[in-house]
Amino acid sequence: MASAGNKRTSRRGWRPLAWLLGLLALGSASVSAQDAPAHWMAYAASVSGELQQRLQQEQDPHAQRLLAWLQEHPDAPAPLVVSVWVAGDGAISKLEFDSLGDAQVDADLRAALQATPLPAAPPKDMRQPLRLGLTLTQ
Numbered sequence: 000m001a002s003a004g005n006k007r008t009s010r011r012g013w014r015p016l017a018w019l020l021g022l023l024a025l026g027s028a029s030v031s032a033q034d035a036p037a038h039w040m041a042y043a044a045s046v047s048g049e050l051q052q053r054l055q056q057e058q059d060p061h062a063q064r065l066l067a068w069l070q071e072h073p074d075a076p077a078p079l080v081v082s083v084w085v086a087g088d089g090a091i092s093k094l095e096f097d098s099l100g101d102a103q104v105d106a107d108l109r110a111a112l113q114a115t116p117l118p119a120a121p122p123k124d125m126r127q128p129l130r131l132g133l134t135l136t137q
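With the first letter of the sequence shown counted as 1, position 31 gets the number 30 in numbering that gives the first Met the number 0; the numbers rise by one all the way through.
Simulated from the structure, these hints should not be mistaken for laboratory data. Any given hint could be a false lead.
Unchecked claim - Here are the in silico distance ranges between beta carbons for each label pair: (1) M40 x P116: 17 to 23 Å; (2) G48 x K93: 29 to 35 Å; (3) M40 x G89: 15 to 21 Å; (4) A114 x A41: 34 to 40 Å; (5) D124 x A75: 21 to 27 Å; (6) A102 x K123: 34 to 40 Å; (7) A67 x D124: 37 to 43 Å; (8) H38 x P73: 18 to 24 Å; (9) Q58 x H38: 28 to 34 Å; (10) A41 x L94: 26 to 32 Å; (11) P60 x E95: 20 to 26 Å; (12) Q103 x D34: 34 to 40 Å.
Bear in mind that the values here come from a model prediction, so they are computed numbers and not experimental data. We treat Cβ as the ideally placed atom computed from N, Cα and C, and that holds for glycine.
Just need the whole structure built from these sequences, with the hints factored in.
Laid out in structure tokens, this is it:
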């Protein structure tokens with residue numbers, strides 16, 4: 000069993016890439032991150048920060064199981080790319096990512112990220128999904 004200090008250190012290691020992983024996509028149309036409007040990039044950064052916080056929630060058993068699994072599997076993909084669709088009310092309406100190879104861990108990741116609506120809805124003109132990266136660093 001890890002000490003509280005070790006838990007805190009590992010949680011600090013989770014951080015989202017602050018920007019999109021190159022694409023904001025809708026169907027086959029996409030916009031490179033370099034060409035995306037500033038308000039799209041600001042929203043994507045906000046979503047990344049919110050998802051970061053959700054993965055660090057000490058009270059969320061889904062987040063805690065996910066973090067424990069990641070500590071036991073240093074070969075897990077990094078960054079973990081997630082495609083996020085956000086509804087007009089801020090709810091994450093769809094979430095896609097490559098399986099981590101464990102159905103429970105995949106379910107925990109999905110539950111932690113979709114627990115509650117995001118604080119803000121996406122800009123009306125923003126293409127979706129947002130492709131974001133989460134990475135675990137030592």
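Checked hints:
| no. | hint | result |
| --- | --- | --- |
| 1 | M40 x P116: 17 to 23 Å | 21 Å, holds |
| 2 | G48 x K93: 29 to 35 Å | 20 Å, violated |
| 3 | M40 x G89: 15 to 21 Å | 18 Å, holds |
| 4 | A114 x A41: 34 to 40 Å | 23 Å, violated |
| 5 | D124 x A75: 21 to 27 Å | 35 Å, violated |
| 6 | A102 x K123: 34 to 40 Å | 36 Å, holds |
| 7 | A67 x D124: 37 to 43 Å | 40 Å, holds |
| 8 | H38 x P73: 18 to 24 Å | 37 Å, violated |
| 9 | Q58 x H38: 28 to 34 Å | 32 Å, holds |
| 10 | A41 x L94: 26 to 32 Å | 21 Å, violated |
| 11 | P60 x E95: 20 to 26 Å | 23 Å, holds |
| 12 | Q103 x D34: 34 to 40 Å | 39 Å, holds |
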